[in-house]
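Based on the sequences and whatever the hints tell you, model everything.
One letter stands for each residue in the lines below.
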Amino acid sequence: MLTGFLRTFVAPAVALAVMYKVVVALFGRNDYYMYVLTLACMNVILATSLNLINGFTGQFSLGHAGFMAVGAYVAGSLTKFAQISFIPALLVGAVAAAMAGVLVGLPTLRLKGDYLAIATLGFGEIIRMLIIASDQIGMKFLEGPRGVMGITKFTSFAWAYLLAAISVWVIANFIWSTHGRACISVREDEVAAEAMGVDTTRYKVMAFSIGAGFAGLAGGLHGHFLQMLHPSSYDFLKSVDYIVMVVVGGMGSLTGSVVAAVFLTVFNEVLRRVMELRMLVYASCLVAIMLTRPQGLLGGKEFSLGIFRFLVPPSKRPSVRSDERGVT
Amino acid sequence: MEFVQQLINGVSLGCIYALIALGYTMVYGIVRLINFAHGDIYMIGAYIGYKVANWMGPHFVPALILAMAGSALAGVTIEKIAYKPLRNAPRIALLTTAIGVSIFLENAVRKFVSPNFLPFPDLITRVPYEIGGVTFSNVQVFVPLVAAALVVILQYVVLKTKPGKAMRAVSFDKDCARLMGIDVDRIITITFAIGSSLAAAAGVLVGVAYPRIDPYMGVMAGLKAFVSAVLGGIGIIPGAALGGLFMGLAEVMAIHFINSAFKDAVAFVILIIVLLVKPSGLLGKYASEKV
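In order, the protein sequences belong to chains A and B. Following the working numbering, the numbering of the first sequence begins with 1 at its first residue and continues without gaps. Following the working numbering, the numbering of the second sequence begins with 1 at its first residue and continues without gaps.
Since the hints were derived computationally from the structure, they do not count as laboratory data. Don't take each hint at face value.
For lysine-lysine, the following BS3-like pairs were computed, each having C-alpha atoms within a straight-line distance of at most 27 Å [to be verified]:
1) Lys-84/B x Lys-165/B
2) Lys-165/B x Lys-238/A
3) Lys-162/B x Lys-238/A
4) Lys-238/A x Lys-80/A
5) Lys-174/B x Lys-51/B
6) Lys-51/B x Lys-80/B
7) Lys-140/A x Lys-263/B
8) Lys-112/A x Lys-84/B
9) Lys-112/A x Lys-278/B
10) Lys-80/A x Lys-21/A
11) Lys-140/A x Lys-153/A
12) Lys-174/B x Lys-160/B
13) Lys-80/B x Lys-111/B
14) Lys-153/A x Lys-21/A
15) Lys-162/B x Lys-80/B
16) Lys-112/A x Lys-238/A
17) Lys-238/A x Lys-153/A
18) Lys-112/A x Lys-174/B
DEER-style ranges, computed between Cβ atoms [stated by the list, open to error]:
19) Thr-135/B x Pro-88/A: 36 to 46 Å
20) Pro-119/B x Met-275/A: 21 to 31 Å
21) Pro-119/B x Ala-288/A: 34 to 44 Å
22) Ile-273/B x Thr-292/A: 39 to 49 Å
Every residue, glycine too, gets a C-beta built ideally from N, C-alpha and C.
Okay, structure coming up:
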């Protein structure tokens, strides 16, 4: 566990610090780069958490932005109206989103494939519409369609990076745990998993609510980053953005999600130079990637130092654990 | 009286949803794809109608026919370029491509036509009527009539013609249909052409009934039409028409009798209820899962 922690936190942090130093040395300190990188960190949380649901558990969810909205509104209201400090507010927001995930998941996860996709889409939109109607259903302080202004800017790059690293670490550990393997078995064949004694409903709801909780965490960061809460920030197209990151990166590849989240965030910013054509180029690239690599850039593969295994002579390689033998 | 008034408004809106839903349901029935770009084909139809009316003067028939032809071409092109190469790919890749196409179409219109709301020309001169305290215009009679005519033509094509028969065979079992000598690719093309032209007709009718069009008009309308198709039982043509009508009525009733803030929420509430109570839709049959 400690080595895992070192590998997932310390190594990338050092690598990033070095890269940051190089970038600063080459181009000078730039607030805009920090803005883009912070955005990328939040997108990493959203893409990996969505991949847990879509890629690893095989439950196609199209309502991720709805859970992000729950986290953003809960955390934002707590810091603004209850003067609670940042991190506890974020955590409460994440827990609220996870609870919303259980509430949405319990009834809808009975559905499969496309039906589940549209049901989650519906729930995501209903969450947004409840926020829009909030000033008419006795929640005046949420300001309905006008949005809440004046949220303190607590989100810095350091917080976003730290929380992104923790999220990826937790999700990765979940996936490679007993529970994660159960989730993967649900993805591979639900009927067979059920027959082997896997409580499929329990694992589907578990993965769904964990994913929703992390979306809520990222939502809290997002709200304190934009310094406002607005229902239009969490619409269907936002959910689509994360689907795109997951699919482009590769379903069932955390590395893929991280790479795609960073790549697409930066790509989107680079395209701002061509202003008007931005979304056209973005959409064309998306279609082109899908046509050439329908399984995503890193479909199902993880990047790890293991790919350098061939450097180690066979006699010195660590023995394969029995439970991994024969697993492809 | 208020209720009858809203009934008339609802039918007119519902017919538009029904026409879009038909395209959704046909495409889903054949390729099992939620064609997210379908709402944007509807938008393209409205824009072609707008352009034609600006060139040729405000005549309804040429605008309708050219919009339907143009959108059919667009739909078939999209199918050939973006969907056909992915026929054996994972479903989610296909769905993502459809989303990509949708973003592309919206932004292409935004960039090359206009990002703003455009006033749709008056293709039909409005004549208001009043019968027993209920006011309505000739447009509100005309829209359902055109929609009904198109649905009747579609039913005829699907039930009585050879391509229609082939279409039903492909939607029943694609591989078996191929074995029986049906050119599946051609049938898919025909399906996209018909579905897209119906969406374009809806686009022109919406321009006539609610004279304001914009590049993003297809997003919400498309989602609602999709919900209509699910409501009626996806893949079932009369179901889509029924679902669309129901959706239009429910939306108008919700706006007038509950609260206008729930205008769009109503569609999703209906969707959730249908999926939880009868996932196969109103006219659908229960199919058990094969192991």
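We went through each hint and held it up to the structure:
This hinted pair checks out: Lys-84/B and Lys-165/B have alpha carbons roughly 22 Å apart, not beyond 27 Å. For the hint linking Lys-165/B to Lys-238/A, the alpha-carbon distance of about 41 Å lies beyond 27 Å, and the restraint is violated. Taking the CA atoms of Lys-162/B and Lys-238/A, the gap is about 43 Å. The hint is violated against a cut of 27 Å. In summary, the hint linking Lys-238/A to Lys-80/A is supported, as the alpha carbons are separated by about 24 Å, within the 27 Å threshold.
Between the alpha carbons of Lys-174/B and Lys-51/B the distance comes to roughly 39 Å, so the proposed pair goes past 27 Å and is violated. Between Lys-51/B and Lys-80/B the alpha-carbon distance is near 25 Å, which keeps this suggested pair within the 27 Å criterion. Taking the CA atoms of Lys-140/A and Lys-263/B, the gap is about 20 Å. The hint holds against a cut of 27 Å. About 24 Å separates the Cα atoms of Lys-112/A and Lys-84/B, which keeps this hinted pair within 27 Å; it holds.
The hinted pair formed by Lys-112/A and Lys-278/B meets the criterion: a straight-line CA distance of about 13 Å does not exceed 27 Å. A distance of roughly 35 Å separates the Cα atoms of Lys-80/A and Lys-21/A; the hinted pair therefore is violated under the 27 Å criterion. For the suggested pair Lys-140/A and Lys-153/A, the alpha carbons sit about 23 Å apart, so the restraint of at most 27 Å is met. Our distance criterion of 27 Å between C-alpha atoms is met by Lys-174/B and Lys-160/B, whose separation comes to about 20 Å.
A distance of roughly 24 Å separates the Cα atoms of Lys-80/B and Lys-111/B; the hinted pair therefore holds under the 27 Å criterion. This hinted pair checks out: Lys-153/A and Lys-21/A have alpha carbons roughly 25 Å apart, not beyond 27 Å. Straight-line distance between C-alpha atoms of Lys-162/B and Lys-80/B comes to about 22 Å, which keeps the hinted pair within the 27 Å bound. With a C-alpha separation of about 23 Å, the suggested pairing of Lys-112/A with Lys-238/A holds against the 27 Å cut-off.
Under the criterion of a C-alpha separation no larger than 27 Å, the hint pairing Lys-238/A with Lys-153/A is consistent with the structure, at around 21 Å. For a cut-off of 27 Å, the pair hint linking Lys-112/A to Lys-174/B stands: about 21 Å separates their Cα positions. Checked against the hint of 36 to 46 Å, the C-beta distance between Thr-135/B and Pro-88/A comes to roughly 57 Å, which is inconsistent with it. Here the CB-CB span from Pro-119/B to Met-275/A is close to 26 Å, well matched to the stated 21 to 31 Å.
Taking the beta carbon of each, Pro-119/B and Ala-288/A are about 36 Å apart, inside 34 to 44 Å as hinted. Here the CB-CB span from Ile-273/B to Thr-292/A is close to 41 Å, well matched to the stated 39 to 49 Å.
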